[in-house]
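Peer 1: Dock chain B against chain A, hints included.
As you go down the protein sequences, you meet chains A and B in turn. In this note's numbering, each number is its position in the first sequence, counted from 1, plus 6. In this note's numbering, each number is its position in the second sequence, counted from 1, plus 6.
Just so you know, these hints were derived from the structure itself, not from any lab. Mixed in with the good hints, there may be bad ones.
Unchecked claim - Reference excerpt, derived from the structure (chain B facing chain A, CB under 8 Å, subset only):
{"no.": "1", "residue": "D140"}
{"no.": "2", "residue": "T284"}
{"no.": "3", "residue": "M305"}
{"no.": "4", "residue": "E314"}
Being a predicted model, the structure only gives us computed values, none of them experimental. By construction, the Cβ of each residue, glycine as well, lies at the ideal position given by its N, Cα and C atoms.
There are 2 protein chains.
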Amino acid sequence: MSLSRRQSLGALAVSALALPAVAAAQSQGKKITIGISVPAADHGWTAGVIWWAKQAMALYPSIEFMLMPAQNPEKQIGDLETMMVKGVDGLVILATESAPLTPTAKDAKAKGILVVNVDRGFLEPVADVFLEGDNKAFGRKSAQFMVDEFKRRGTAKPKIIVLEGIPCTVNTDRVTAANEVFKAAGVEIVGQASGNWNRQKALEVMETLLVRSPKIDAVWASDDDMALGAEQAIREAGREKEMWMLGGAGMKEIVKKVMDRDPMYPANITYPPSMIATGVQLAVGILRDGQRDKILQFMPKHLLIDVELITPENAKGYYFPESVY
Amino acid sequence: MSLSRRQSLGALAVSALALPAVAAAQSQGKKITIGISVPAADHGWTAGVIWWAKQAMALYPSIEFMLMPAQNPEKQIGDLETMMVKGVDGLVILATESAPLTPTAKDAKAKGILVVNVDRGFLEPVADVFLEGDNKAFGRKSAQFMVDEFKRRGTAKPKIIVLEGIPCTVNTDRVTAANEVFKAAGVEIVGQASGNWNRQKALEVMETLLVRSPKIDAVWASDDDMALGAEQAIREAGREKEMWMLGGAGMKEIVKKVMDRDPMYPANITYPPSMIATGVQLAVGILRDGQRDKILQFMPKHLLIDVELITPENAKGYYFPESVY
Numbered sequence: 007m008s009l010s011r012r013q014s015l016g017a018l019a020v021s022a023l024a025l026p027a028v029a030a031a032q033s034q035g036k037k038i039t040i041g042i043s044v045p046a047a048d049h050g051w052t053a054g055v056i057w058w059a060k061q062a063m064a065l066y067p068s069i070e071f072m073l074m075p076a077q078n079p080e081k082q083i084g085d086l087e088t089m090m091v092k093g094v095d096g097l098v099i100l101a102t103e104s105a106p107l108t109p110t111a112k113d114a115k116a117k118g119i120l121v122v123n124v125d126r127g128f129l130e131p132v133a134d135v136f137l138e139g140d141n142k143a144f145g146r147k148s149a150q151f152m153v154d155e156f157k158r159r160g161t162a163k164p165k166i167i168v169l170e171g172i173p174c175t176v177n178t179d180r181v182t183a184a185n186e187v188f189k190a191a192g193v194e195i196v197g198q199a200s201g202n203w204n205r206q207k208a209l210e211v212m213e214t215l216l217v218r219s220p221k222i223d224a225v226w227a228s229d230d231d232m233a234l235g236a237e238q239a240i241r242e243a244g245r246e247k248e249m250w251m252l253g254g255a256g257m258k259e260i261v262k263k264v265m266d267r268d269p270m271y272p273a274n275i276t277y278p279p280s281m282i283a284t285g286v287q288l289a290v291g292i293l294r295d296g297q298r299d300k301i302l303q304f305m306p307k308h309l310l311i312d313v314e315l316i317t318p319e320n321a322k323g324y325y326f327p328e329s330v331y
Numbered sequence: 007m008s009l010s011r012r013q014s015l016g017a018l019a020v021s022a023l024a025l026p027a028v029a030a031a032q033s034q035g036k037k038i039t040i041g042i043s044v045p046a047a048d049h050g051w052t053a054g055v056i057w058w059a060k061q062a063m064a065l066y067p068s069i070e071f072m073l074m075p076a077q078n079p080e081k082q083i084g085d086l087e088t089m090m091v092k093g094v095d096g097l098v099i100l101a102t103e104s105a106p107l108t109p110t111a112k113d114a115k116a117k118g119i120l121v122v123n124v125d126r127g128f129l130e131p132v133a134d135v136f137l138e139g140d141n142k143a144f145g146r147k148s149a150q151f152m153v154d155e156f157k158r159r160g161t162a163k164p165k166i167i168v169l170e171g172i173p174c175t176v177n178t179d180r181v182t183a184a185n186e187v188f189k190a191a192g193v194e195i196v197g198q199a200s201g202n203w204n205r206q207k208a209l210e211v212m213e214t215l216l217v218r219s220p221k222i223d224a225v226w227a228s229d230d231d232m233a234l235g236a237e238q239a240i241r242e243a244g245r246e247k248e249m250w251m252l253g254g255a256g257m258k259e260i261v262k263k264v265m266d267r268d269p270m271y272p273a274n275i276t277y278p279p280s281m282i283a284t285g286v287q288l289a290v291g292i293l294r295d296g297q298r299d300k301i302l303q304f305m306p307k308h309l310l311i312d313v314e315l316i317t318p319e320n321a322k323g324y325y326f327p328e329s330v331y
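Isolated chain A, as found in the complex (with noise of 0.2 Å):
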């Protein structure tokens, strides 16, 4: 009788029958080492992600990890070369842009290398596991929310202005499912155009929606460094009192600003730069036992992240002031 089905048949499993075969392989001495490649940033969510990346590889001493940031898809390839060359037994993989990194995905998986992808996702499925946030729901449940509010504060016909980021699938999923929850809710967009989920660029267009729009109530800014530009125009134009905001993925400054109660800010959404230490915590738990292929069979090939709203109530749970984002 084989050990699992032993322990199949009793309420308390058996314990210390046999090792699974990489018992043997580790105590020979063969470290698993899973490489991470994502965008470099030194402010902003992507820093966020290198942050997070770092908290997860020190909960893991046993593993060796590779952890490279690049600057361009170039320079991204050649960091994945490089870590296929030192023999990676895995690679987590937060793509600079979707298109020119499958090839070396495809690359990484003919050679047998586990590949977990986190958020921007390679154009053909080639992932052992592709972990991302729901955007769907984030342009939903932040659309909701102001609906929401806007019920609250007694705003009879609101007016909004939505604040777009780069053209990409995500930016299309979260707009366009806002924009379903407005126009079922009466919601007007007095104005919309393209911030680039970037604080100068938000400023500047926001500067021209102030001009445009005699009368505002909120502004969707879909991104925390995106309505911090906003806020700057909309001060600067002394127009504060009329108007608040909902950003979205969860900077520490503006979870702040909702924990504090700013008027301006009463919510936030997450969109978590942490999903890249999950995306690291699941390669280790595939990796680390030498178990990879038993787990691969029920591990789940697309795994979407659901998005939370932050309000006063719960947004202690989602500070980090020791986080770079």
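Peer 2: Frame of chain A; chain B shown alone:
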């Protein structure tokens, strides 16, 4: 040093590097204990859940598992209380019903026990991690396959039967999403009824629907047990050449038919009972090194498993002949 500690860290790194705080506790002989509480069943999707739970348990001989299937909510509440008395560190729960289990889950959480909830959610967001299939995607993707298949077959003005499951959010999410796709594509629903995700019930309602509908191109059966019941009714009526069908959830008998290019089953869609194994894998990973609080900082509270279309081309990867489902 205990066996589990040696195993989890591997031979090399242990010697040189500082150990996490838990190492001391574990070396005193405290073994991690995880309770798994699921609905009882000797066939169908739920039997698959139990089978997959055992697969995951078998991977971790150093963890002490308690697997207790329950026929009803009262039994399940009793099981969970028993597990709490035994001092489990974590619980993986697939609820028989959401409402009666919610207070017990809250109780476990209040006692500091890790709660991983799989598939059927509680009425409040109690769980540390809630992992479920994306039922809206289930409806959308399965309906889109049917629309595409009608085009491939050159079926003009397609007429279909829709079989629904037990009335609950899972069913509502699936049916609503599917209906949107059918409506947009001009697919006519000529009959719709609930087969309760049950083979016998589906057989009965299909008999009635066949009598009422002189022309049917396909059946959106949405569940493999229901597909088998409906197929029996169709064959008994001698109409098996007239229509094809799409079940759902990846029952091995149906996946085999897809793989073998059975004309009645051109495809299937996943809703894997193996998600319980994913839940066990997550619980083990969170608890095994005693770094639970740090891991929960980046572990998403709500994870959705995307569903995947199974076609003759990829069916092999979804076929587990040794599984009970």
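Peer 1: For each hint given before, does the structure comply? Return the numbers of the non-compliant ones in rising order.
Peer 2: none
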